[in-house]
Amino acid sequence: MHDPLVDTSPIRVVIAEDSALIREGLARLIEETGGSVVAKVGDAPSFVAAVLEHRPDVSVVDVRMPPNQRDEGLRAAIEARRLVPGTPVLVLSQYVERQYATELLADGAGGVGYLLKDRVSDIAEFMDAMHRVAGGGTALDPDVVAQLMVLRRRDDRLATLTPREREVLAAMAEGRTNLGIAKAMGITEGATEKHISSIFGKLELPETQTAHRRVLAVLAYLGS
Amino acid sequence: MMTTLKPSFATGPYRPGTLLRNFVLSPLDPASWRAAGAILMGLFIGSFSFALVAALFSTGGSFLIILVGFAVVGIGVEIARIVARVERWRMTLVDSRPLRAHPYRTYGHGLRAAAEAEFLDENRWRDVIYVLISFPLTILEFVVCVAVWASSFALLVSTVAYFVIAVAAGDRMPASLSNGAPILLVAVAFVLGLFLLAVAASLSRGLMRLHRAVVEGLLCTNEREELRLRVETLRESRSAMLQVEATELRRIERDLHDGAQQRLVMLAIDLSLASDRIESDPAGAKALMNDAREQARQALAELRDLVRGSAPAILLDRGLVAALGSVAGRCPVPTIVESALAPGERQPHAVERAAYFVVSEALTNVAKHASATRCEIRCRREGDRLIVEVWDNGVGGAAVAPGGGLAGLRDRVEALDGVLLIDSPAGGPTLLHAEMPAAQGWPAA
Chain B
1 MHDPLVDTSP IRVVIAEDSA LIREGLARLI EETGGSVVAK VGDAPSFVAA
51 VLEHRPDVSV VDVRMPPNQR DEGLRAAIEA RRLVPGTPVL VLSQYVERQY
101 ATELLADGAG GVGYLLKDRV SDIAEFMDAM HRVAGGGTAL DPDVVAQLMV
151 LRRRDDRLAT LTPREREVLA AMAEGRTNLG IAKAMGITEG ATEKHISSIF
201 GKLELPETQT AHRRVLAVLA YLGS
Chain F
1 MMTTLKPSFA TGPYRPGTLL RNFVLSPLDP ASWRAAGAIL MGLFIGSFSF
51 ALVAALFSTG GSFLIILVGF AVVGIGVEIA RIVARVERWR MTLVDSRPLR
101 AHPYRTYGHG LRAAAEAEFL DENRWRDVIY VLISFPLTIL EFVVCVAVWA
151 SSFALLVSTV AYFVIAVAAG DRMPASLSNG APILLVAVAF VLGLFLLAVA
201 ASLSRGLMRL HRAVVEGLLC TNEREELRLR VETLRESRSA MLQVEATELR
251 RIERDLHDGA QQRLVMLAID LSLASDRIES DPAGAKALMN DAREQARQAL
301 AELRDLVRGS APAILLDRGL VAALGSVAGR CPVPTIVESA LAPGERQPHA
351 VERAAYFVVS EALTNVAKHA SATRCEIRCR REGDRLIVEV WDNGVGGAAV
401 APGGGLAGLR DRVEALDGVL LIDSPAGGPT LLHAEMPAAQ GWPAA
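Sequence lines, in order, name chains B and F. Just so we're aligned: the first sequence equals residues 1 to 224 in my numbering. Just so we're aligned: the second sequence equals residues 1 to 445 in my numbering.
One or more of the hints may lead you astray.
Claimed, not checked - Label-pair ranges, simulated between beta-carbon atoms: (1) Asp384/F - Thr102/B: 30 to 40 Å; (2) Ser121/B - Ser272/F: 10 to 20 Å; (3) Thr102/B - Thr247/F: 32 to 42 Å; (4) Arg213/B - Thr247/F: 43 to 53 Å; (5) Pro332/F - Leu21/B: 29 to 39 Å; (6) Leu303/F - Pro163/B: 52 to 62 Å; (7) Glu31/B - Ser272/F: 21 to 31 Å.
What the hints assert, rightly or not - Here are some chain B residues pointing at chain F (derived, C-beta under 10 Å): (8) Ser19; (9) Ile22; (10) Arg23; (11) Ser46; (12) Arg64; (13) Arg70; (14) Tyr95; (15) Ala146; (16) Gln147; (17) Leu148; (18) Ser198; (19) Phe200; (20) Glu204.
Just so you know, the hints here were simulated from the structure itself, not pulled from any lab data. All values derive from a computational prediction rather than experimental measurement. Glycine included, each C-beta is placed from N, C-alpha and C at the ideal position.
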């Protein structure tokens with residue numbers, strides 16, 4: 001696992017994307033921000049092979065890839081994580097679906113990202129997400145989280161949250177750290193923590209230590 | 001049926017010898033006697049059904065102003081339908097080749113559909129017309145038949161009786177008979193009687209053949225007619241399909257033109273302004289570039305929504321239920337999906353697409369107009385029909401208006417040979433029900 005605080009060597013990335021334009025664009029982006037692209041592939045089988053060969057710090061994978069242009073990338077990411085347990089993958093897609101997020105997170109091992117391709121255009125955000133995933137964290141697209149937040153059958157406990165708390169909950173589900181949430185919302189870390197413990201109290205969730213466990217708890221609640 | 005043992009007019013070869021033999025032997029053929037019986041039966045059926053239907057029509061007709069009249073006429077139409085059934089059966093007494101009833105419109109859902117089936121169905125009116133013309137026809141057939149059969153019996157019985165009486169009287173045979181009538185005359189009368197018997201037998205069967213032709217023409221279907229109807233239906237559904245495709249293309253074209261295309265133009269303008277300004281006004285250039293990025297993001301979002309509206313990736317990848325879950329998750333009204341489909345069950349893509357489209361449009365309507373607080377999507381398969389329903393507890397009052405969104409949905413469903421029904425009383429709730437032909441349990445793709 002890559003921890004930028006301890007490890008100063010560049011983050012090693014495998015890119016799987018069939019469109020040459022986007023592949024090269026992503027590679028340029030990663031190299032310009034100090035990463036190292038160890039392999040660039042254009043289809044699912046070579047992606048799995050590249051992960052086995054290079055053991056990257058993180059892989060960036062497009063959902064749609066040849067031959068069927070369907071969800072090969074998603075299946076390949078799950079397969080790669082089966083062969084190399086916990087290898088971090090950041091899946092990019094033109095469309096995000098709640099069900100795909102659930103499938104990706106199913107192994108519970110962490111190090112999973114699932115973002116709309118558009119998010120790449122915000123370089124700082126994207127790089128933050130990539131490093132979070134590389135460090136074993138989670139990066140879920142706000143769009144997926146929004147789907148989870150409205151797909152409630154009985155809005156009992158969710159309805160008791162204040163609008164501010166809902167925002168914090170969404171940010172937690174996206175996989176942000178306390179510091180990240182504080183920065184994004186323009187509040188102090190202390191205020192963030194207060195919000196979080198209030199949310200956990202209202203939703204009757206157990207307090208957990210790691211960011212990843214926290215995401216899983218929140219998602220399990222939202223997905224129930 | 002074995003035509004070699006039972007020569008018949010309908011199937012026998014037309015060689016003169018055979019024809020003559022058939023004619024001579026016709027009184028011995030049970031089919032002839034059945035024909036005579038059928039003609040006798042026809043007299044009763046024809047008269048009785050005519051009297052009944054005419055009475056119902058005239059009674060109902062005079063009460064048409066109050067709606068009861070329609071019900072009475074409707075009963076008349078249905079009785080004609082029963083008569084048609086009996087008559088098709090009567091025809092098979094003589095010629096056992098089966099007759100297939102012409103198709104009737106089904107009643108459908110609702111009073112209006114039932115009334116249309118009852119009063120606008122060509123085949124039901126054919127039954128009524130048959131009842132009207134079969135009345136004089138059966139009488140005519142009966143009269144002709146009775147005349148010939150009776151003459152023949154009269155001649156045969158009287159000559160035989162004559163002969164028996166003459167013999168009993170003790171006269172010498174065969175020179176002359178006691179009252180002086182020439183033996184020749186009696187013999188000729190006897191032969192004439194036999195001849196008339198053959199005529200009566202053949203005539204009965206001939207009349208029944210003619211009547212069968214009338215029944216076939218008015219009350220039955222044939223392959224050609226069925227094919228014609230099928231072609232008609234296919235032509236209609238094909239043109240609906242083309243219409244749907246054209247509408248869809250127009251919508252995509254318009255959305256692209258109004259949305260993503262405009263944004264890309266703005267993006268290009270922002271970028272070129274930024275490039276002009278980058279040295280003189282770096283801060284302004286940066287702001288323009290941020291604008292450009294925002295335009296690009298909006299364009300992507302609009303393209304995504306455009307595709308999601310008709311053929312989202314998850315529909316192809318995971319099938320209908322997953323796609324419905326996705327579209328339900330995006331609806332601002334709390335929506336649940338209840339599916340009775342087998343997990344992983346797939347339908348032909350056109351069917352899945354139409355079902356998805358119906359639900360996604362219906363949910364858009366619910367969100368826009370219904371003021372609902374609860375919405376349910378239900379899907380199930382009944383035999384070879386896929387059924388998709390969208391229910392909401394909103395204000396109701398949704399109706400199909402020409403050129404409206406619901407009309408578009410109906411075209412789309414009908415293009416696949418399906419049915420779309422809407423039940424939306426003012427005050428709600430609204431239920432939209434779509435049925436489409438489906439394959440039985442396609443394996444997961």
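Going down the list of hints, with the structure as the test:
For the hinted restraint 30 to 40 Å between aspartate 384/F and threonine 102/B, the CB-CB distance of approximately 32 Å keeps it satisfied. For the pair serine 121/B and serine 272/F, the supplied restraint of 10 to 20 Å holds, since their beta-carbon distance comes to about 19 Å. For the pair threonine 102/B and threonine 247/F, the supplied restraint of 32 to 42 Å holds, since their beta-carbon distance comes to about 35 Å. With their beta carbons about 51 Å apart, arginine 213/B and threonine 247/F fall inside the hinted range of 43 to 53 Å.
Remark: the range hint 29 to 39 Å for proline 332/F to leucine 21/B is upheld by a beta-carbon distance near 36 Å. Checked against the hint of 52 to 62 Å, the C-beta distance between leucine 303/F and proline 163/B comes to roughly 31 Å, which is inconsistent with it. The supplied range of 21 to 31 Å is met by glutamate 31/B and serine 272/F, whose beta-carbon atoms lie about 28 Å from each other. The interface hint given for serine 19/B is broken, as the beta carbon of that residue sits about 14 Å from the closest beta carbon of chain F, more than 10 Å.
Taken as an interface hint, isoleucine 22/B does not check out: its beta carbon lies about 12 Å from the nearest beta carbon of chain F, beyond 10 Å. Among the interface hints, the one on arginine 23/B is violated; its C-beta lies about 18 Å from the nearest C-beta in chain F, farther than the 10 Å criterion. Of the supplied interface hints, the one on serine 46/B is violated, with its beta-carbon coming no nearer than about 21 Å to a beta-carbon of chain F, more than 10 Å. Among the interface hints, the one on arginine 64/B holds; its C-beta lies about 7 Å from the nearest C-beta in chain F, closer than the 10 Å criterion.
Annotation: arginine 70/B was flagged as interfacial toward chain F, and the flag holds, the nearest CB pair being 5 Å apart, inside 10 Å. Checking tyrosine 95/B against chain F: minimum C-beta separation of about 5 Å stays under 10 Å; hint holds. Interface restraint check: alanine 146/B against chain F, minimum CB-CB distance 8 Å, threshold 10 Å, status holds. Contact between glutamine 147/B and chain F, as hinted, is supported at the beta carbon level, the nearest pair being about 4 Å apart and thus within 10 Å.
For leucine 148/B, the interface hint holds, since its Cβ comes within 10 Å of a Cβ in chain F; the closest pair sits about 8 Å apart. The interface hint given for serine 198/B is violated, since its Cβ lies 24 Å from the closest Cβ of chain F, which is over the 10 Å cut-off. Because the beta carbon of phenylalanine 200/B sits about 24 Å from the nearest beta carbon in chain F, more than 10 Å, this interface hint is broken. For glutamate 204/B, the shortest C-beta to C-beta distance to chain F is roughly 21 Å, which exceeds 10 Å, and the interface hint is violated.
Hint check: violations occur at hints 6, 8, 9, 10, 11, 18, 19, 20; the rest are consistent with the structure.
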